[in-house]
Amino acid sequence: MVALKIHPGANAYGVPDAGAVKPAMIHIAGLEKRFKTRSGETVNALTNVNLDIRENEFISVVGPSGCGKTTLLRILAGLESASSGAIQCDGAQISGPRPDAGVVFQQATLLPWNTVLTNVLLPAHLKNDKSEATVRRAEGLLAFMGLKDFAQKYPFELSGGMQQRVSICRALMREPRILLMDEPFGALDAMTREAMNMELMRVWSEEKKTVIFITHSIPEAVLLGDRVVVMSPRPGRISEIINVDVGRPRTLQTMATPRFGEICDHIRTIFGAQSLTATSL
Amino acid sequence: MSASTKQSRGHLLQSIAVAVILIAVWEGACRIFDISTIVLPTPSSIVVRLYALFSSGMIWPHLWATLVEILSGFVLGCVAGLVIGAMISLIPVFERLVYPYLVALQTLPKVAIAPLFIIWFGYGLTSKVVITALVCFFPVLVSVIAGFHSTDKDQLDMMKAFGATKWQTLMRLRIPSALVLIFAGLEIAAVLAVIGAIVGEFVGAQVGLGYLVVTLNFGMDVPGVFAVLIVLSAIGLAMHGLMRYAARRYIFWIRRSEAPVMT
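Just so you know, the sequences run in chain order D and B.
Every letter in the first sequence is one number past the one before it in my numbering, and letter 208, counting from 1, is 208.
Every letter in the second sequence is one number past the one before it in my numbering, and letter 180, counting from 1, is 180.
Just so you know, not all the hints are guaranteed correct.
[Unchecked claim] Using 30 Å as the maximum straight-line C-alpha spacing, the simulated BS3-like pairs for lysine-lysine come out as follows:
(1) K127/D <-> K110/B
(2) K160/B <-> K148/D
(3) K160/B <-> K153/D
(4) K153/B <-> K166/B
(5) K110/B <-> K153/D
Don't read these hints as lab results, they were simulated from the structure.
Just need the whole structure built from these sequences, with the hints factored in.
If you want it as structure tokens, here you go:
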């Protein structure tokens, strides 16, 4: 435990890690999100969130349900607006969907009446880009994801894991700099999920991107992330930001190493401490 | 695939067998108990009468008139339902101003207002087309509104995240999503269209299958009435089958078991 390098959430922003030269790509400071419930109560979905994300960094966000992790991602995707605080990309406040961000949702959200290829082409079609080169790129992405033979199939002919791979291809279509993933493998079985984790790391090593990956699985968060943002509920906030000092490339064997286990245990301790306080209160 | 075809063929054979047995029992009972033709005609006498209606050419003008009423009323009612349904779904003001009146209109029994239409539009084709259209209108209207409401929220988010405009979201997501329920409404309307035309003819007509039923009934020609009923249900089945075929073609991504459609 002593060896763990821990950045408490409140101090993380504006303090770049040693060795980081570039300024943060995504800068979140004092972010708040309040919702009004039907009964008129105000719920703090996010409170005082501070986080700086460097270009090409892989950030995992882990936390129990209700901790606001999905809300954070939705604000980053421009699907919701912040109640107050700064949430900037390249120095400009995020105020709506961005062309340089690709989103992967928990459900594959493919359009069932379109073929796999047309689904991948959707972001391009929305920009009226119907060029031959774009179709080539979509086909290339599908081949890269092992879906070459499924381009003309319909989503209902594919398994859940394959559908989610199509959805990742779609997110990568317009060569985004940022990939926002909201529990993308949450609906998959454990075996498929591990395979998809490996697949995602392969994608990330080939096409360097800034990834924000929401999950409720601690091992998944640690396996994938450069840093793991641990969030806690009521009100939604960052408890800790943990550096995953495990070398890359990581494989499923990485999960068996002592260091990996230590980090996972540490995160579990944070959650355990939270639930203890919650019950004692 | 082949197993399920084999199974459905088995089901078909079973239902044909049931029909054959029922008709045989009906025929036998009529003969054994010597039931009067005016009360319940034998299946064989109905078939003979049906053949006579066609071979004498007597049925053709009636069949033709009713078909025209059904088809034009169906098309008119569906188009109106689609257009007004889309307007109610997409223009919020419209929903507030128009929808309550349409619901009030629907609560009126069409049979009760049919005599009014005869007065307004005469004994001819127009009154039957209007009644049929009115009967078809409401299920289509409701299905369009329900269809537009059924758009998946996650898919709406997805479209928004990829920067789709409102128009693009409508064309690429909301309309195709709505089709599933719209086809269910069209299917119901197709069957109701037959009822609408017959109701119109019962109230006042000089031609048509409904008029023919009334006339044959007056003449105590009960086998004739049954024969016309067979023609009417054949029309209803054909309309229904046509809509099902269209649904399978245009909403192919819905597996049959999931289709929210009348069977």
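Inset, instruction - Report the numbers of all earlier hints that the structure fails to satisfy, in ascending order. - result: 1 and 5
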